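Could you build all of it, start to finish, from the sequences and the hints given here?
These protein sequences, in sequence, are chains A and B.
Its first residue numbered 348, the first sequence is counted upward by one per residue in the working numbering.
Its first residue numbered 113, the second sequence is counted upward by one per residue in the working numbering.
Incorrect hints may appear among the rest.
As a list, the in silico SDA-like pairs of lysine to any residue whose alpha-carbon atoms are at most 20 Å apart [to be verified]:
#: 1; chain 1: A; residue 1: Lys-445; chain 2: B; residue 2: Ser-193
#: 2; chain 1: A; residue 1: Lys-415; chain 2: A; residue 2: Lys-509
#: 3; chain 1: A; residue 1: Lys-370; chain 2: B; residue 2: Lys-322
What follows is a list of derived Cβ distance ranges for each label pair [stated by the list, open to error]:
#: 4; chain 1: A; residue 1: Ile-375; chain 2: B; residue 2: Asp-173; range: 51 to 57 Å
#: 5; chain 1: B; residue 1: Val-176; chain 2: A; residue 2: Ile-352; range: 54 to 60 Å
#: 6; chain 1: A; residue 1: Lys-437; chain 2: B; residue 2: Pro-182; range: 32 to 38 Å
#: 7; chain 1: A; residue 1: Lys-437; chain 2: B; residue 2: Phe-379; range: 38 to 44 Å
#: 8; chain 1: B; residue 1: Ile-311; chain 2: A; residue 2: Gln-492; range: 51 to 57 Å
#: 9; chain 1: A; residue 1: Lys-437; chain 2: B; residue 2: Asn-123; range: 31 to 37 Å
#: 10; chain 1: B; residue 1: Gly-175; chain 2: A; residue 2: Lys-419; range: 57 to 63 Å
#: 11; chain 1: B; residue 1: Phe-232; chain 2: A; residue 2: Ile-495; range: 45 to 51 Å
#: 12; chain 1: A; residue 1: Lys-498; chain 2: B; residue 2: Asn-145; range: 37 to 43 Å
#: 13; chain 1: A; residue 1: Ile-352; chain 2: B; residue 2: Gly-346; range: 21 to 27 Å
#: 14; chain 1: A; residue 1: Lys-437; chain 2: B; residue 2: Glu-147; range: 27 to 33 Å
#: 15; chain 1: B; residue 1: Gln-306; chain 2: A; residue 2: Gln-477; range: 33 to 39 Å
#: 16; chain 1: A; residue 1: Gly-540; chain 2: B; residue 2: Lys-186; range: 52 to 58 Å
Just a few of them, taken from the derived set where beta-carbon distance is under 10 Å, the chain B residues facing chain A [said to hold, decoys possible]:
#: 17; residue: Gly-130
#: 18; residue: Met-134
#: 19; residue: Lys-136
#: 20; residue: Met-189
#: 21; residue: Ile-194
#: 22; residue: Pro-195
#: 23; residue: Glu-212
#: 24; residue: Gly-215
#: 25; residue: Asp-217
#: 26; residue: Lys-377
#: 27; residue: Asp-378
#: 28; residue: Lys-381
No lab work stands behind these hints, which were simulated from the structure alone.
The structure displayed is predicted, hence computed values, not measured ones.
Backbone N, C-alpha and C define an ideal beta-carbon position, used for all residues, glycine too.
Read off the chains here:
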Amino acid sequence: MKSTIVGILAVQGDFAEHALILKKLNAIPKEIRTLNDLENIHGLIIPGGESTSIGKQIKKNGLEKKIKELGKNGLPIMGTCAGAILLADKVIGKCEIKLNLIHATLERNAYGGQNNSFESSVNTSFGKIQAAFIRAPKIKKIGNQGKILGKIGNEIVLAEEKNILIASFHPEISGDPKLHQYFLEKIKRHQAGC
Amino acid sequence: MKQNTTQVNQNRTLVNRGLAQMLKGGVIMDVVNAEQAKIAEKAGACAVMALERVPADIRADGGVARMANPKIIKQVMKAVSIPVMAKARIGHFVEAQILEALGVDFIDESEVLTPADEQFHINKWNFKTPFVCGATNLGEALRRINEGASMIRTKGEAGTGNVVEAVRHIRSITGKIQELKQKGKKSWKTFSIQERVPIKLVKEIVQKQKLPVVNFAAGGIATPADAALLMQLGTEGVFVGSGIFKSKQPEKTAQAIVEATVHFKDFKKIAQASEKTGTAMKGNELNKLEYRFAKRGW
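So, in structure tokens, the structure goes:
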């Protein structure tokens, strides 16, 4: 079986942690810093980090247009925390760029500063995930076509719309592989053409 | 009561070390007011460090250097959406309590300020807010982690524009981690006793071949090339203090250092970034310094 190559945007943030989990799941992570790096990938992860820093680098290096194009053409893309903010079409708070790839409203730093960061177990459609919410955004609203995959209390923390998957938390730093597993299955379904 | 808080805050290890992980690959810039903070954010900084005076000015003006005025810290927090760090003096746990009350995202227990305690660093487990601490070698880094630091940075020699000490410190840390692996179990015990750190922590770093927390470079970084050098030597991001706002065109210098940090393995990009900078800060030879910040703390 051919291995799945997953690009991870590596201009700032915790891209190495995503790579570690992908390796454990037998996928091949590929760090993305330039336009050329975006060739030959089966999926893309936009990691956690600072959305303004990541956004500026995407703009500068011409990655913005290409990622938009890939996303519109159906490439599976997952964004965690800052990554989710960048993928959304509406953002409450300062926002560097919008990739406009998912109908979702995200509020930046919605819980407040670091003193309000917390760890929680999240009920998702594929089991409980141990997750870290670090200066996390809230997914306030999701479009009609969207699907809610995980909540804590009444709040949406995990959602998808077609090929785009967003999480307001970090499964990558607690090391829980379930979300990445789900994302890899999404990639496989995309490759199989369904 | 005291034990309880400690326990609560140990439960914050994942989110506090986690915030440092989110800063990786980025540049944290020293700022002394809201206006500078905005310039830093615009240039792509992943966080800002609020302080009273940049290290070069502390060096030039002398006197006791303390935590910045809370009014200014609040203005900085209001001005930017990226994380805000602020410095407290070594051992000055009340300055740290103030910073926690203000709601800063990270506290730097910093040798750049005048130490308040010559015997004890702050017990960082007593705080909800994460701490970053300076280190010149592995033993020092592990002592700070054992006291609850969520992030380590090299001390370097702040305010000099001279990168040599930061290079020495990162080489010393990574070199020692490799050496302990090669020398084997017996050396771990000796090291743990000599350096007064738990053997469990020593075993953990030998096995992982890295610190259990994120490790940035700091102290004397003045050019994009300096930043890329430290990244290639294995640090996970950089702090730039005087290097930005003591250069001729702070905004350009800031952008160029960010660019070189992101593309630290891409020589062409580092070259392009280097072209864009204004004149770097003047800098000092170390043997001409009146005092060395890196010698503060232990």
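Here is how each hint holds up against the structure:
Among the hinted pairs, A/Lys-445 with B/Ser-193 is consistent with the structure: their alpha-carbon atoms are about 16 Å apart, no more than 20 Å. Using a Cα cut-off of 20 Å, the hinted pair A/Lys-415 and A/Lys-509 holds, with the two alpha carbons roughly 14 Å apart. For the suggested pair A/Lys-370 and B/Lys-322, the alpha carbons sit about 19 Å apart, so the restraint of at most 20 Å is met. Range check, A/Ile-375 to B/Asp-173: Cβ separation about 54 Å, and the 51 to 57 Å hint holds.
Under the hint 54 to 60 Å, the C-beta atoms of B/Val-176 and A/Ile-352, about 56 Å apart, fit the expected range. Distance hint check: the CB atoms of A/Lys-437 and B/Pro-182 are about 35 Å apart, consistent with the given range 32 to 38 Å. For the pair A/Lys-437 and B/Phe-379, the beta carbons lie near 40 Å from each other, so the given range of 38 to 44 Å is met. The beta-carbon spacing between B/Ile-311 and A/Gln-492, approximately 55 Å, falls within the hinted interval of 51 to 57 Å.
Between A/Lys-437 and B/Asn-123 the C-beta distance comes to about 34 Å, which sits within the given range of 31 to 37 Å. At about 59 Å, the beta-carbon gap between B/Gly-175 and A/Lys-419 stays in the expected band of 57 to 63 Å. Against the hinted window of 45 to 51 Å, the Cβ-Cβ separation of B/Phe-232 and A/Ile-495 comes to about 50 Å, which satisfies the hint. A hinted range of 37 to 43 Å for the beta carbons of A/Lys-498 and B/Asn-145 is consistent with their spacing of about 41 Å.
Judged by the Cβ atoms, the range 21 to 27 Å given for A/Ile-352 and B/Gly-346 holds: they are separated by roughly 26 Å. For A/Lys-437 paired with B/Glu-147, a C-beta distance near 30 Å keeps the hint of 27 to 33 Å intact. Evaluation of the 33 to 39 Å hint for B/Gln-306 and A/Gln-477 yields a pass: the beta carbon distance comes to about 37 Å. Distance hint check for A/Gly-540 and B/Lys-186: the Cβ-Cβ separation is about 55 Å, which falls inside the suggested range of 52 to 58 Å.
Evaluation of the B/Gly-130 hint against chain A yields a held restraint, the C-beta minimum of about 5 Å falling below 10 Å. Against a cut-off of 10 Å between C-beta atoms, the interface hint on B/Met-134 holds, since the closest Cβ of chain A lies about 5 Å away. Among the interface hints, the one on B/Lys-136 holds; its C-beta lies about 6 Å from the nearest C-beta in chain A, closer than the 10 Å criterion. Residue-level restraint check for B/Met-189 holds (minimum Cβ-Cβ distance to chain A is 8 Å; threshold 10 Å).
For B/Ile-194, the suggested interface contact is upheld, since its CB lies about 5 Å from the closest CB of chain A, less than 10 Å. Annotation: B/Pro-195 was flagged as interfacial toward chain A, and the flag holds, the nearest CB pair being 7 Å apart, inside 10 Å. Checking B/Glu-212 against chain A by beta carbon gives a least distance of about 7 Å; that is within 10 Å, so the hint holds. The interface hint given for B/Gly-215 holds, since its Cβ lies 5 Å from the closest Cβ of chain A, which is under the 10 Å cut-off.
Interface hint at B/Asp-217: satisfied, since its Cβ lies 4 Å from the closest Cβ of chain A, which is below the 10 Å cut-off. A least Cβ separation of about 9 Å between B/Lys-377 and chain A falls short of the 10 Å threshold, and the interface hint therefore holds. This hint holds: B/Asp-378 has a C-beta 7 Å from the nearest C-beta of chain A, less than the 10 Å allowed. Restraint check, B/Lys-381 versus chain A: the minimum CB separation of about 8 Å is within 10 Å; hint holds.
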